[in-house]
Amino acid sequence: MPPTVITYIVRRLFAAVVLLFVVSAITFSIFFLVPKIAGGTPESMASRYAGRAATEETVKLVADRLGFYDPVVVQYGNWVKGVFVGTQYDLGSTVADCPAPCLGYSFITRQPVWEDLLDRAPVTMSLAIGAAILWLIAGVSIGVLSALRRGSFFDRATMGVALAGVSLPIFFTGLISLAFFTYTLGWTARGGQFTPFSENPGEWAYDLILPWITLAFLFSAQYARLTRAGMLETMNEDYIRTARAKGLREHRVVIKHGLRGALTPILTIFGLDVGLLLGGAILTETAFSLKGLGDYAVRAITGNDLPKVMGVVLFAAFFVVIANLVVDLLYAVVDPRVRK
Amino acid sequence: MKRKRLIPAIAAGAAFVMVLSACGGSSDDGNSDGNGGDNTTPAFNAGVGKVFNKSDAKGGIIKMADNGEPDSLDPADTYYGYMWDFARLYGRSLVMFKPAPGKASEELVPDLAEDLGEASDEGKTWTYKIRKGIKYEDGTEVKAADVKYGVLRTLDREAFPNGPEYFKQFLNLPEGYLGPYKSKGVDTSSAIETPDDYTVVFHLKTAFAGFNYLAMLPQTFPVPEAKDTGVNYRDHVISSGPYKFDKVEQGKQFTLVRNDQWDPKTDKNRPALPDGFEVTLNLAQTEIDNQLMSGDLQVHITGTGIGSAAQSQVLADETSKESADNPSIARLWYTSINSNVAPFDNKDCRIAIEYATDRTSYQRAMGGEIAGGDIATNLLPPAIPGYKKFDLYPAGPDNKGDIEKAKDHLKKCGKPDGFEMNIAYRNERDAEKAVAESLQQSLERVGIKLTLKGYAQGDYFSQFVGLPSFAKSNGLGLVVNGWGADWNDGFGYLSQIVDSRVIRETGGSSNVSVRDPKVDQMLDDAIAELDNGKREKLWSDIDRQVMDDAFILPGVVAKVLLYRGQGLTNVYVNDQFGYYDYVSLGLEQK
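Chains A and B supply the protein sequences, listed in that same order.
Here the first sequence stands for residues 14 to 353, numbered as in this note's numbering.
Here the second sequence stands for residues 44 to 633, numbered as in this note's numbering.
So here's chain A without its partners, still in its complex pose (with noise of 0.2 Å):
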């Protein structure tokens, strides 16, 4: 590999660690800082985790064991070495682990935040890996269609179909697909079914065929569109009429030069909306009652669990950074012109 390569793969790594760390700054100030200036008291904070019925000294005590009485950078430096070393919270009963990675540790369930995650991060890869293959593959074999038959019946269908497929919202289509195809046909599983993958292949696949479709329906209309756009530029180029004259087959052509040169764009997207989705579909999981990181995040969220709401910002948060690195280093693979 060239060493301008290395050094780009290289520096893109760092800027991705400092980026996770910035994140987690800023997340950590919103929950831990914010509410301080604010006028919040340690007591305040602490009374969330207390319990509604907790007596003025239980709050205190609450309070100091979670650390509410240090001023925030040494919070935050407690919560960065547990990131690395693990640490242990003393619940008066007992002494709960949080080992490394320690994103955090919820005083209301009694869990690490990170055993959460790592139960539910295969539940949104799941749906987010399996509709991002089906979306990419029809979006851009219809985007690439439309564009070699512009203005055919089959291009102003298909398109037509693609804007439906971008207005209607995802809560909407899950829903009624559910009513319909579930409790009416009984053709695909329930709501809430979910079978790991290395249990039985079949059946996760059962599970999860409804909620793909679903939501590749969403994003396949924008690839659609994107990929057509694209090919209806590339296709007008030069160096493609110069291919034809040189007598390659079309399919050779039309794939291999035409697509290529519109897949840069398709790409990035491609990557930001993957790493998006790896953080937690949250609208399809919740019409589909999936419990995946999405899910968790709102539950997190509408349960004032502060510790869960940050450990799944900055899990998701290392998705989108992760999916923008990978997507950065295909395009050396993809676009030759990068590699120069």
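Misleading hints may appear alongside valid ones.
[Said to hold, decoys possible] Partial list, computed: chain B residues near chain A (C-beta under 10 Å):
id, residue
1, Y224
2, V274
3, V291
4, K295
5, T329
[As the list claims (entries may be wrong)] Restraint-style ranges between C-beta atoms, simulated for each label pair:
id, chain 1, residue 1, chain 2, residue 2, range
6, B, H279, A, G90, 34 to 42 Å
7, B, D445, A, G80, 55 to 63 Å
8, A, F27, B, G228, 50 to 58 Å
9, A, V98, B, D306, 49 to 57 Å
10, A, L32, B, R544, 51 to 59 Å
[What the hints assert, rightly or not] In silico EDC-like cross-links for lysine to aspartate or glutamate, where the CA-CA straight-line distance does not exceed 20 Å:
id, chain 1, residue 1, chain 2, residue 2
11, B, K227, A, D103
12, A, K73, B, E321
13, B, K561, B, D592
14, B, K141, B, E161
15, B, K290, A, E128
16, B, K290, A, D168
17, B, K178, B, D310
18, B, K248, B, E236
19, B, K295, A, D132
Honestly, the hints are just simulated from the structure, not real lab data.
Yeah, the Cβ is synthetic: ideal placement off N, Cα and C, and Gly gets one too.
Based on these hints, arrange chain B on the given structure of chain A.
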């Protein structure tokens, strides 16, 4: 009731309250009297006041779902009414409400104990004899010391912040006692004694005639000290009931299977018909409703009823409606009028609110007659013994308010043109916001201009309306509120919402408005009164005093629309909880 409610985004009813048909009170007790008559033909309200589809067939797994999750499976740490119902499957308290429909369920019957508590020392000492031969799932016998330990551990509010605090309030505990984890080795015989392996004696600070109600709480489930894992006990509660935990995945699901150490000869209350229970957690409301109607699920465990979309569907379709039950429950939706916020420090200004309110609009905001409830004119719901219907502030023949009287009282309190005020509600509760808007419109007719202030449900009482300093400085004179009894008795209903001594400067109380020393004294008198008839009259007197003070604007007595799952047997609403009795349920066997 301080029990937390699960509030689906759209369902107006919440019911963890034990609904007891009024004993000697009004004939308007909401649900029909139940004498246990059974029926097998599906019909609307077939499970209210009577048993639907009676059967003693055993077998099957009952599937339940929750649109959230329990506060805890640990009996020390739960305040959800549905958990008090469900926990009886894996634990036994000293006494329990009779598992029967209608009025029959108001009777307390022995469970772990051989009989109800024996009072002595004028109600300051209560003695219970434990049945011999009751075993945990591991085969060891339940002893009195386990009951004592189970109660004492609940006193650690840091470890178990959710459960009720009645034992802390009443037991004659040593000064500064913080539970067995933090106060190791402290002599607690001043509060609880176990003179032998099968006798538990409770010593109280003051006389409490209703102590049997405390003995009914899951906090009296026996817990073997050697098996106690502190805050992690919720991951595997040692069963003393007919079922034991097989799988517990916090936030996802838990399952119960038969406890082979349970002896039915020691337990007349539980038929233990199904082979087990599966409870799925965090399933969306719409998904639960769909699965109930398709037969994939039998019970929505929270008992909060079906969502508004499903309600329209069920009520519009005669066949679906036959699977619905619509009980009235011992819960009141109301609005607190906070005397700490001027001009509500003047009683006439508070009375003006009572007269100006359009009650029909309030009812509509809460979901109407079926999903919301019946218009209330006083504080006690009909299910509470001592209930008497009265109306100190008649709202006219159409129930839309008496504008003239409202204006009169505004003149008397020096605000003839009205005034501006803030009204608080919980953001997550659409019905509460609708109530705030309806009051905004009602009160505008007399010149009172309301500004709506929404707050997060989770912090509503601890940080906002229940924190006196915050409520005062933010002018929260009106607070949309609701309460259901911890048990169907005046104390179980009133103690947390009308006693001024439960209001804490650190926040957290559901009582955000009632501050009357006279009411406090009346409560103390009622608690100590051993005569049932006199005690019930005192609850009614307290109701009248609070309404006379105009600290509370009653809204509706709650109702809930439940859906009977397919194939269930022995389905009936236990009036103590306001939803199905889980210990009686079974499944049809084909």
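Checked against the structure, which of the hints given earlier come out wrong? Of the numbered hints, 3, 12, 16 do not hold.
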